[in-house]
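A.B. asks: As given, the protein sequences belong to chains A and B, one line each in that order.
All letters in the first sequence, in the order written, are residues 1 to 393 by full-length UniProt numbering.
All letters in the second sequence, in the order written, are residues 1 to 393 by full-length UniProt numbering.
Treat the hints as calculated values from the structure; they're not laboratory data.
Nothing here was measured: the structure is a model prediction, and the numbers come from that model.
There may be inaccurate statements among the hints.
Claimed, not checked - Each computed DMTMM-like pair below joins lysine to aspartate or glutamate, with the alpha-carbon atoms no more than 25 angstroms apart:
1) B:Lys-199 / A:Glu-245
2) B:Lys-199 / A:Glu-55
3) B:Lys-222 / A:Asp-31
4) A:Lys-92 / A:Asp-31
5) A:Lys-359 / B:Glu-356
6) A:Lys-363 / B:Glu-226
7) A:Lys-319 / A:Glu-380
8) A:Lys-199 / B:Asp-221
9) A:Lys-319 / A:Glu-356
10) B:Lys-359 / B:Glu-343
11) B:Lys-199 / A:Glu-351
12) A:Lys-92 / A:Glu-132
13) B:Lys-359 / A:Glu-356
14) A:Lys-222 / B:Asp-221
15) A:Lys-52 / A:Glu-351
16) A:Lys-363 / A:Glu-41
17) A:Lys-175 / A:Asp-24
18) B:Lys-363 / A:Glu-356
19) A:Lys-222 / B:Glu-55
20) A:Lys-52 / A:Asp-31
Protein chains: 2
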Amino acid sequence: MFSVTCVAPVNIALIKYWGKRHEDLILPVNDSLSMTLSTNELCAKTTITASKSFEHNRMWLNGEEVSIEESSRLTRCLKEVRRLALATGSQKVSPSWKVHIASVNNFPTAAGLASSAAGYACLVYSLARLYEIPFSDELTTVARQGSGSACRSLFGGFVQWHRGVLDNGTDSVAKQIVSSQHWPNMHVLILVVNDQRKKTASTRGMQNAVNTSTLLHHRADKVVPERINQLREAIQNRDFQTFGEITMRDSNQFHAIAMDTYPPCVYMNDVSHEIVSFVHSYNNAMGSLHAAYTFDAGPNACLYVLAEHVPQLVDAIQKVFPSDLMDSAEYLRGLPISPEHLETSQSNKIESLGIEPKKNSIKYIIHTEIGQGPSQLGEESSLLINGLPQNQK
Amino acid sequence: MFSVTCVAPVNIALIKYWGKRHEDLILPVNDSLSMTLSTNELCAKTTITASKSFEHNRMWLNGEEVSIEESSRLTRCLKEVRRLALATGSQKVSPSWKVHIASVNNFPTAAGLASSAAGYACLVYSLARLYEIPFSDELTTVARQGSGSACRSLFGGFVQWHRGVLDNGTDSVAKQIVSSQHWPNMHVLILVVNDQRKKTASTRGMQNAVNTSTLLHHRADKVVPERINQLREAIQNRDFQTFGEITMRDSNQFHAIAMDTYPPCVYMNDVSHEIVSFVHSYNNAMGSLHAAYTFDAGPNACLYVLAEHVPQLVDAIQKVFPSDLMDSAEYLRGLPISPEHLETSQSNKIESLGIEPKKNSIKYIIHTEIGQGPSQLGEESSLLINGLPQNQK
Numbered sequence: 001m002f003s004v005t006c007v008a009p010v011n012i013a014l015i016k017y018w019g020k021r022h023e024d025l026i027l028p029v030n031d032s033l034s035m036t037l038s039t040n041e042l043c044a045k046t047t048i049t050a051s052k053s054f055e056h057n058r059m060w061l062n063g064e065e066v067s068i069e070e071s072s073r074l075t076r077c078l079k080e081v082r083r084l085a086l087a088t089g090s091q092k093v094s095p096s097w098k099v100h101i102a103s104v105n106n107f108p109t110a111a112g113l114a115s116s117a118a119g120y121a122c123l124v125y126s127l128a129r130l131y132e133i134p135f136s137d138e139l140t141t142v143a144r145q146g147s148g149s150a151c152r153s154l155f156g157g158f159v160q161w162h163r164g165v166l167d168n169g170t171d172s173v174a175k176q177i178v179s180s181q182h183w184p185n186m187h188v189l190i191l192v193v194n195d196q197r198k199k200t201a202s203t204r205g206m207q208n209a210v211n212t213s214t215l216l217h218h219r220a221d222k223v224v225p226e227r228i229n230q231l232r233e234a235i236q237n238r239d240f241q242t243f244g245e246i247t248m249r250d251s252n253q254f255h256a257i258a259m260d261t262y263p264p265c266v267y268m269n270d271v272s273h274e275i276v277s278f279v280h281s282y283n284n285a286m287g288s289l290h291a292a293y294t295f296d297a298g299p300n301a302c303l304y305v306l307a308e309h310v311p312q313l314v315d316a317i318q319k320v321f322p323s324d325l326m327d328s329a330e331y332l333r334g335l336p337i338s339p340e341h342l343e344t345s346q347s348n349k350i351e352s353l354g355i356e357p358k359k360n361s362i363k364y365i366i367h368t369e370i371g372q373g374p375s376q377l378g379e380e381s382s383l384l385i386n387g388l389p390q391n392q393k
Numbered sequence: 001m002f003s004v005t006c007v008a009p010v011n012i013a014l015i016k017y018w019g020k021r022h023e024d025l026i027l028p029v030n031d032s033l034s035m036t037l038s039t040n041e042l043c044a045k046t047t048i049t050a051s052k053s054f055e056h057n058r059m060w061l062n063g064e065e066v067s068i069e070e071s072s073r074l075t076r077c078l079k080e081v082r083r084l085a086l087a088t089g090s091q092k093v094s095p096s097w098k099v100h101i102a103s104v105n106n107f108p109t110a111a112g113l114a115s116s117a118a119g120y121a122c123l124v125y126s127l128a129r130l131y132e133i134p135f136s137d138e139l140t141t142v143a144r145q146g147s148g149s150a151c152r153s154l155f156g157g158f159v160q161w162h163r164g165v166l167d168n169g170t171d172s173v174a175k176q177i178v179s180s181q182h183w184p185n186m187h188v189l190i191l192v193v194n195d196q197r198k199k200t201a202s203t204r205g206m207q208n209a210v211n212t213s214t215l216l217h218h219r220a221d222k223v224v225p226e227r228i229n230q231l232r233e234a235i236q237n238r239d240f241q242t243f244g245e246i247t248m249r250d251s252n253q254f255h256a257i258a259m260d261t262y263p264p265c266v267y268m269n270d271v272s273h274e275i276v277s278f279v280h281s282y283n284n285a286m287g288s289l290h291a292a293y294t295f296d297a298g299p300n301a302c303l304y305v306l307a308e309h310v311p312q313l314v315d316a317i318q319k320v321f322p323s324d325l326m327d328s329a330e331y332l333r334g335l336p337i338s339p340e341h342l343e344t345s346q347s348n349k350i351e352s353l354g355i356e357p358k359k360n361s362i363k364y365i366i367h368t369e370i371g372q373g374p375s376q377l378g379e380e381s382s383l384l385i386n387g388l389p390q391n392q393k
């Protein structure tokens, strides 16, 4: 009986993935570019145990058993990893043995983070460790077939998912641009907002966009390639001004494409747009970009901000979006923030911009930072004991 | 002393005008297409008196005197009309005489309707009547220089504003596609929603969009020309299905372009998007398009609907967006609506779509219809007596 336990991170796209050119292989219409978050605050964790004695492949997701066979994406990932294991693995663990898989996410559902990206990255990474498959571009194509953006969660730092041109998708791979050490003071605040509205699932929204938006292909073919180059350069130069502007522009364009879909997909709400206005006003008051927003297929904001600017930004957020729960431990989650107030002149500038305080529109804030990618944990972290979840023993 | 009094209508664009290729001449980056509303419910009304004895050009807008000289657009319109008067007018009234102008809008500010379009159309139309200038394409270029979409309010029915290609704008004219008699049962409901947020003025928003959106030119060059042709054909055929779909798609695309602007312009709010969802759900329940939304640079919805479907649509709106003021005379304005309820099966379908009723999100509804364009009124309607507003006598 062999067992490995790994964690894999969430990644937040700066240049958005929206639209597939092949549904089953999950081949995108454009390159995307993301930053990987630290697994200390947010991660998927997976234990895989392989044994000659197991009769079936089994899987537990957040404690509940799920059927592997019913998920074509899970089945495909397992099959593809085993193919790699036979070709390049150590054979210490036979790919023919059945496996038991347990996986959990430590992040709140309300955070609206795509759990599938971290989850599939963790699955594929753990299987690669189990079979001792050397890390290769090909491994990212396996994660991609589980959930598109999962391929980007196999690396730390900044990562580009190349759309590729081949029909079979073997060149649609993720590659690291720079590691987290290149820009270690890059932090993130996730602002979780209150929301009631039903949203179109992103797989469906994407499909509708490809079929009905008359702007999507122009974005994919003309706009994104140039943005990717500009953003890569900004990252290389640690140029937060360009980095922030491209990030905000691409978030807006993604939501523009969603809006241009028929029927339209709307993921941001009034609070999201108030956060957008706030960020622009805040940057104006600061005299340069100190914060850059991006929004995925939901209303929560993800703000990129350098470590040294976090306390002031949080102070301003609390002024503009005060909350009755502001003093509770649940309100500020993740990395600690040393309290620091805006200088009076800057504070006045924000007030004079005429933003009305909006009470209780932000539920809580998660503070995290750039991360190093997936890693293997020790046996003490295992989610399975003798191949079964602990609560089943 | 010569005097004329005219009314001019509001028009609602189906294919939106957004973006200028020349700021001063107000030349657009794409053709637009609108429907003119009846002046019975919504109009601008203008009286112009010319007299040899007047010492200055003077103007009163909604009862308040304004300076003509301080508005380059007003000055330009007056100058251009006088040039036309000298060239083609009757000379009964000398273009060299000073004029007194009084203009009022009868529609509520909250309706978010562009008062400048009706206002400038009324000004130019009234001046043309005063000087007995025969109606020509050139007259529409004068109104255009006051406020772009004003050129479309010089006609009834459906109207196309051609972008033109000349630098001097003489070919950027409005032309009627068909008169209101072609599709006389075309009605409109304006849903006025509650809103607090500050909006970017549309002149500014348009300018920012032209300068920063990487999608706007693709829309103008590739998407709009095809849509204009399809919509013209749908109008010719009185094909409400195609008409409605193109209208909704173009409204969405206009807001997509606004969103793709940097910083983004957001005109719709959560209630607007709930109305969008409702319209798609309602059409699904009906089995075909019965209503088509369009939104201008504000949160209020304008719904196109055939006369025979108005009572059922209003019934459904009142179910999904109930209001405490529903029974007051202020809630349903404009043309009377004979009460008629949805058939139970359709009503059930709407309920089963899981739309939660949203209380008091719609302030009131204006019911109006396709209109015939500007017209001259009798002397009894004059806003000026002996060249001065009545309240100044």
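A.B. asks: So, for every hint listed, does it hold in this structure?
C.D. replies: Now for the hints, and whether the structure bears them out:
For the proposed pair B:Lys-199 and A:Glu-245, the alpha carbon gap of about 22 angstroms is at most 25 angstroms, so the pair holds. Taking the CA atoms of B:Lys-199 and A:Glu-55, the gap is about 63 angstroms. The hint is violated against a cut of 25 angstroms. With a CA separation close to 24 angstroms, the supplied pair B:Lys-222 and A:Asp-31 stays within the 25 angstroms bound. A hinted pair counts as satisfied when its Cα atoms are at most 25 angstroms apart, and A:Lys-92 with A:Asp-31 does not qualify at roughly 37 angstroms.
In summary, the hint linking A:Lys-359 to B:Glu-356 is supported, as the alpha carbons are separated by about 24 angstroms, within the 25 angstroms threshold. Note on A:Lys-363 and B:Glu-226: the hinted pairing is violated, with a Cα-Cα distance of about 45 angstroms set against a maximum of 25 angstroms. This hinted pair does not check out: A:Lys-319 and A:Glu-380 have alpha carbons roughly 43 angstroms apart, beyond 25 angstroms. For the given pair, A:Lys-199 sits about 32 angstroms from B:Asp-221 by alpha-carbon distance, which is inconsistent with the 25 angstroms threshold.
About 10 angstroms separates the Cα atoms of A:Lys-319 and A:Glu-356, which keeps this hinted pair within 25 angstroms; it holds. For the proposed pair B:Lys-359 and B:Glu-343, the alpha carbon gap of about 23 angstroms is at most 25 angstroms, so the pair holds. For the hint pairing B:Lys-199 with A:Glu-351, the CA-to-CA distance comes to about 18 angstroms; that is within 25 angstroms, so the pair holds. In summary, the hint linking A:Lys-92 to A:Glu-132 is supported, as the alpha carbons are separated by about 8 angstroms, within the 25 angstroms threshold.
Taking the CA atoms of B:Lys-359 and A:Glu-356, the gap is about 24 angstroms. The hint holds against a cut of 25 angstroms. Of the supplied pair hints, the one linking A:Lys-222 and B:Asp-221 holds, its CA atoms being roughly 15 angstroms apart against a limit of 25 angstroms. The hinted pair formed by A:Lys-52 and A:Glu-351 fails the criterion: a straight-line CA distance of about 67 angstroms is larger than 25 angstroms. Annotation: proposed proximity of A:Lys-363 to A:Glu-41 holds, straight-line Cα distance about 17 angstroms (limit 25 angstroms).
With a C-alpha separation of about 21 angstroms, the suggested pairing of A:Lys-175 with A:Asp-24 holds against the 25 angstroms cut-off. Between B:Lys-363 and A:Glu-356 the CA atoms are separated by roughly 23 angstroms; this keeps the pair inside 25 angstroms, and the hint holds. Distance check on the hinted pair: A:Lys-222 and B:Glu-55 sit about 59 angstroms apart at the alpha-carbon level, beyond 25 angstroms; violated. Among the hinted pairs, A:Lys-52 with A:Asp-31 is inconsistent with the structure: their alpha-carbon atoms are about 41 angstroms apart, more than 25 angstroms.
Hints 2, 4, 6, 7, 8, 15, 19, 20 from the earlier list are contradicted by this structure; the remaining hints agree with it.
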